[in-house]
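Trainee: Following the hints, position chain B against chain A.
Each chain is listed here by its residues.
There are 2 protein chains.
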Amino acid sequence: MGFKAELAARAGQVDAFLAGCLKGRGFPAGLLEAMEYSLLAGGKRLRPVLTLTWAGLLGLDRESALPFASGLELIHTYSLIHDDLPAMDDDDLRRGRPSNHKKFGEASAILAGDGLLTEAFGLMCASGLARGLPADRVLRATSVLAAAAGAGGMVGGQALDMEYTGRPGLGLDELRTMQAMKTGALITAACLCGAMLSGAGPEDLSRAEAYGRAVGVAFQIVDDILDVVGDQKALGKPVGSDQEKGKSTYPALVGLEESRRLAGVHADRALSSLAPYSGPDAEFLRDLARFIVHRAF
Amino acid sequence: MGFKAELAARAGQVDAFLAGCLKGRGFPAGLLEAMEYSLLAGGKRLRPVLTLTWAGLLGLDRESALPFASGLELIHTYSLIHDDLPAMDDDDLRRGRPSNHKKFGEASAILAGDGLLTEAFGLMCASGLARGLPADRVLRATSVLAAAAGAGGMVGGQALDMEYTGRPGLGLDELRTMQAMKTGALITAACLCGAMLSGAGPEDLSRAEAYGRAVGVAFQIVDDILDVVGDQKALGKPVGSDQEKGKSTYPALVGLEESRRLAGVHADRALSSLAPYSGPDAEFLRDLARFIVHRAF
Chain A
1 MGFKAELAAR AGQVDAFLAG CLKGRGFPAG LLEAMEYSLL AGGKRLRPVL
51 TLTWAGLLGL DRESALPFAS GLELIHTYSL IHDDLPAMDD DDLRRGRPSN
101 HKKFGEASAI LAGDGLLTEA FGLMCASGLA RGLPADRVLR ATSVLAAAAG
151 AGGMVGGQAL DMEYTGRPGL GLDELRTMQA MKTGALITAA CLCGAMLSGA
201 GPEDLSRAEA YGRAVGVAFQ IVDDILDVVG DQKALGKPVG SDQEKGKSTY
251 PALVGLEESR RLAGVHADRA LSSLAPYSGP DAEFLRDLAR FIVHRAF
Chain B
1001 MGFKAELAAR AGQVDAFLAG CLKGRGFPAG LLEAMEYSLL AGGKRLRPVL
1051 TLTWAGLLGL DRESALPFAS GLELIHTYSL IHDDLPAMDD DDLRRGRPSN
1101 HKKFGEASAI LAGDGLLTEA FGLMCASGLA RGLPADRVLR ATSVLAAAAG
1151 AGGMVGGQAL DMEYTGRPGL GLDELRTMQA MKTGALITAA CLCGAMLSGA
1201 GPEDLSRAEA YGRAVGVAFQ IVDDILDVVG DQKALGKPVG SDQEKGKSTY
1251 PALVGLEESR RLAGVHADRA LSSLAPYSGP DAEFLRDLAR FIVHRAF
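Going line by line, the protein sequences match chains A and B.
Residues in the first sequence are numbered consecutively from 1, following this note's numbering.
Residues in the second sequence are numbered consecutively from 1001, following this note's numbering.
Here chain A stands alone, though its shape is the one from the complex:
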């Protein structure tokens, strides 16, 4: 199987779980519709796939990690809904469709996000109980996830992004910190939590973390590059929207060529942290690191 088919197969396992995970839970119909509109809108399922693959690489069957991994997609989805709100990035389009508040109104979009964030933690905790994972592993992994998703991670990164938007003279260090919090923390936690759920020891944990951090940086640099040179249809949003909004990006700060070089450096770091591993999960993680960077060329 080629990499894209393999990615689709792994994402498909997540999609199948997501399709049912909010149903039959007594949610008001309108709220459920708004939550599923964004959750089931496709997407690469990158974060849960990373969790599943790291869990699998270190010896846990993927099925056991599936509810926890899917929780990461709920968190990612809520963050997109809230980031798109008029008071935040004010985006009308997401993945080529009206953004959540354009479709359902602002109140519903805020609540759909709140609901997804809360259910994410419910899923992660319940997964320990339902799938026979040791409770202390699940508790530790959920703590790591909360730290990565919260005010010291993703939410804090979005706050810095709002603060920096339109500010002239932002430096590369500030951009790095902001992106590491806004995008990097959750991607890193996705890898680390997969390893934690499998009961990995400190060396494997630090490799999972290093891989996640490197892939997260590469991913964000490439995202910045695609906003300059990408294809609107593939992106699902207008090209050049970062610049139009006065957001700092790697290409704006260091140029396109240097951005591509940096993305490559981080992809290589990701590959280094995989050196001790072999087998299909390790191959998939290698291909993923390469794939992320190739999108920028």
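No lab work stands behind these hints, which were simulated from the structure alone.
Among the clues, some could well be false.
What the hints assert, rightly or not - Calculated cross-link-like contacts (lysine-lysine; reagent style DSSO-like; alpha-carbon spacing at most 27 Å): (1) K1004/B x K1102/B; (2) K44/A x K245/A; (3) K4/A x K103/A; (4) K103/A x K23/A; (5) K1102/B x K1245/B; (6) K103/A x K1044/B; (7) K1102/B x K247/A; (8) K245/A x K1103/B; (9) K1247/B x K102/A; (10) K247/A x K1103/B; (11) K1103/B x K1023/B; (12) K1245/B x K102/A; (13) K1103/B x K1247/B; (14) K103/A x K1247/B; (15) K1102/B x K245/A; (16) K23/A x K102/A; (17) K1044/B x K1102/B; (18) K1044/B x K1004/B; (19) K102/A x K4/A; (20) K102/A x K1102/B.
Mentor: Structure of chain B alone, referenced to chain A:
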């Protein structure tokens, strides 16, 4: 010690923990300020006090339950911040001060709420690790909390509240369901989680749940009554704001006298579920049930 002094002492234990729990965590300064503005604005700390007291009643030292209990106050606080937003209830005042978005702007208020909700789960999970509570108890309690706070509970109740606001002819059943989700679920979970953390058996758990449910209904009915007959200064918001916003309330549907009678019926149910217990924690829970209803007279 009289009931009010006892309540203040128990709330004080929570306040002391809350005052430090967000500091030194690497949150961006502006975001931390917005989160603490609402979290440290006072309030009765009803939910964490219920958790601590049920934990204490059933044999756990209160100090062990403190981080978990405080997580409930973070969840309650986030819900107030988001409910006050212009797209939701559009309230300018909260506890006699400008609401969060009036003080910090909408984007910050949305993110402060998101941050508080996420940190709440971080606190609850970390509490198991830090305070030596058995991991499976913490995991079960956190699952219960997530269900109560999410789209099948508090978030779903707020969605129904938005849907029902201004709709004529709302029935008592719809009002009851909406309020049970919006306010009742978290108060019930506060009691139940305290009992769960202490390792209680099924009979104690069902008494904690029954007490929480009854107190939650009484509390909401009294809240509706106070919106009609209360004192603006004590409420921290204008009297009559429910009616002005077209929100259904118990007094509007069944009249003031019947509302008072119903509040009394639910307080009595709360007292019944405490029948097997004695000692200072049981006395405090009895006084609390009576106190909630006396506010309405």
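Trainee: Determine for every hint whether it applies to the structure shown.
Mentor: Hints, one by one, checked against the model:
Distance restraint check for K1004/B and K1102/B: the Cα-Cα separation of roughly 32 Å exceeds the 27 Å cut-off, and the hinted pair is therefore not satisfied. Under the criterion of a C-alpha separation no larger than 27 Å, the hint pairing K44/A with K245/A is consistent with the structure, at around 25 Å. For a cut-off of 27 Å, the pair hint linking K4/A to K103/A is broken: about 31 Å separates their Cα positions. In summary, the hint linking K103/A to K23/A is supported, as the alpha carbons are separated by about 21 Å, within the 27 Å threshold.
For the suggested pair K1102/B and K1245/B, the alpha carbons sit about 19 Å apart, so the restraint of at most 27 Å is met. For the hint pairing K103/A with K1044/B, the CA-to-CA distance comes to about 38 Å; that exceeds 27 Å, so the pair is violated. Between K1102/B and K247/A the alpha-carbon distance is near 25 Å, which keeps this suggested pair within the 27 Å criterion. Restraint check: the Cα-Cα separation between K245/A and K1103/B comes to about 24 Å, which is no more than 27 Å; the hinted pair holds.
Restraint check: the Cα-Cα separation between K1247/B and K102/A comes to about 25 Å, which is no more than 27 Å; the hinted pair holds. Between K247/A and K1103/B, the direct Cα distance comes to roughly 25 Å. Compliance with the 27 Å bound is thereby established for this hinted pair. Between K1103/B and K1023/B the alpha-carbon distance is near 21 Å, which keeps this suggested pair within the 27 Å criterion. For the hint linking K1245/B to K102/A, the alpha-carbon distance of about 24 Å falls within 27 Å, and the restraint holds.
A C-alpha spacing of about 26 Å is found between K1103/B and K1247/B, which places the hinted pair at or below 27 Å, so the restraint holds. Using a Cα cut-off of 27 Å, the hinted pair K103/A and K1247/B holds, with the two alpha carbons roughly 25 Å apart. Between the alpha carbons of K1102/B and K245/A the distance comes to roughly 24 Å, so the proposed pair stays at or under 27 Å and holds. For the hint linking K23/A to K102/A, the alpha-carbon distance of about 23 Å falls within 27 Å, and the restraint holds.
Between K1044/B and K1102/B, the direct Cα distance comes to roughly 23 Å. Compliance with the 27 Å bound is thereby established for this hinted pair. At roughly 11 Å between alpha-carbon atoms, K1044/B and K1004/B fall within 27 Å of each other, so this suggested pair holds. With a C-alpha separation of about 32 Å, the suggested pairing of K102/A with K4/A is violated against the 27 Å cut-off. Under the criterion of a C-alpha separation no larger than 27 Å, the hint pairing K102/A with K1102/B is consistent with the structure, at around 24 Å.
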